[in-house]
Amino acid sequence: DSGVTQTPKHLITATGQRVTLRCSPRSGDLSVYWYQQSLDQGLQFLIQYYNGEERAKGNILERFSAQQFPDLHSELNLSSLELGDSALYFCASSAEGYEQYFGPGTRLTVT
Amino acid sequence: AQSVTQLGSHVSVSEGALVLLRCNYSSSVPPYLFWYVQYPNQGLQLLLKYTSAATLVKGINGFEAEFKKSETSFHLTKPSAHMSDAAEYFCAVSEGNTPLVFGKGTRLSVIA
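Quick note, the sequences are listed as chains B and A, same order.
The first sequence: position 108 = 424 (our numbering), numbered continuously.
The second sequence: position 52 = 99 (our numbering), numbered continuously.
Please keep in mind that the hints were generated in silico from the structure rather than gathered at the bench.
None of these values were measured; they are calculated from a predicted model.
Take the hints with a grain of salt, since some may be wrong.
Unchecked claim - Under the rule of at most 27 Å between Cα atoms (straight-line distance), these lysine-lysine pairs were calculated in the DSSO-like manner:
(1) A:K115 x A:K96
(2) A:K151 x A:K116
(3) A:K96 x A:K116
(4) A:K151 x B:K373
(5) A:K116 x A:K105
(6) A:K151 x B:K325
(7) A:K96 x A:K151
(8) A:K115 x A:K105
(9) B:K373 x A:K96
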């Protein structure tokens, strides 16, 4: 158990819909990262927050957005969903060290 | 820009045999290197990390990796494979407290 929690574990929705994925980092970790894992793209970095502020942006679509709240939990919002958005979405957290600890992921299926 | 190349998308070994998973990286700054393991339907678990201390790094479950700057490599080894080692292994690089750049992964199969 990494100490990072993600909800929900599974999500099935239709094209065009909007979903919110939630992540709670390890106690005390200020950085939260979101990654997408798909068969064709592998593990891709989406976005990083540090203590409530956006710190880095990766291959995140404009239809996707995220935020980190004062209690340090983070949410990833995916809108106007397409079939190609079906993937595993991971959240990771880190302290001032360099290693990142991953949550169990949310498997999103868009039908 | 940083990048990681994992040689071999699938490696198969016999139980008790040496495990060698290859990782080469590219980085314009001194890298921080990691190996993660992913079991089916689970998240990524940190196996070990290199953060500019000892070049030979020991991790969990008997795995270790050696950082070789001259070869830009960070190969993962284990002297004796167990059935429970069957999983997907990912090598990753970062500049520190920055996003990880992952390789495409190597699926390890262990044959009884």
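Comparing the hints with the structure gives:
Simply put, K115 (chain A) and K96 (chain A) have alpha-carbon atoms about 14 Å apart, close enough for the 27 Å limit, and the pair holds. Proposed proximity of K151 (chain A) and K116 (chain A) is supported: the alpha carbons are some 21 Å apart, at most 27 Å. Restraint check for K96 (chain A) and K116 (chain A): satisfied, since their Cα atoms lie roughly 15 Å apart, inside the 27 Å limit. With a C-alpha separation of about 20 Å, the suggested pairing of K151 (chain A) with K373 (chain B) holds against the 27 Å cut-off.
Our distance criterion of 27 Å between C-alpha atoms is met by K116 (chain A) and K105 (chain A), whose separation comes to about 17 Å. About 23 Å separates the Cα atoms of K151 (chain A) and K325 (chain B), which keeps this hinted pair within 27 Å; it holds. The suggested pairing of K96 (chain A) with K151 (chain A) holds, with an alpha-carbon distance near 18 Å, which does not exceed 27 Å. A C-alpha spacing of about 15 Å is found between K115 (chain A) and K105 (chain A), which places the hinted pair at or below 27 Å, so the restraint holds.
For the hint linking K373 (chain B) to K96 (chain A), the alpha-carbon distance of about 24 Å falls within 27 Å, and the restraint holds.
Of the numbered hints stated above, none is contradicted by the structure.
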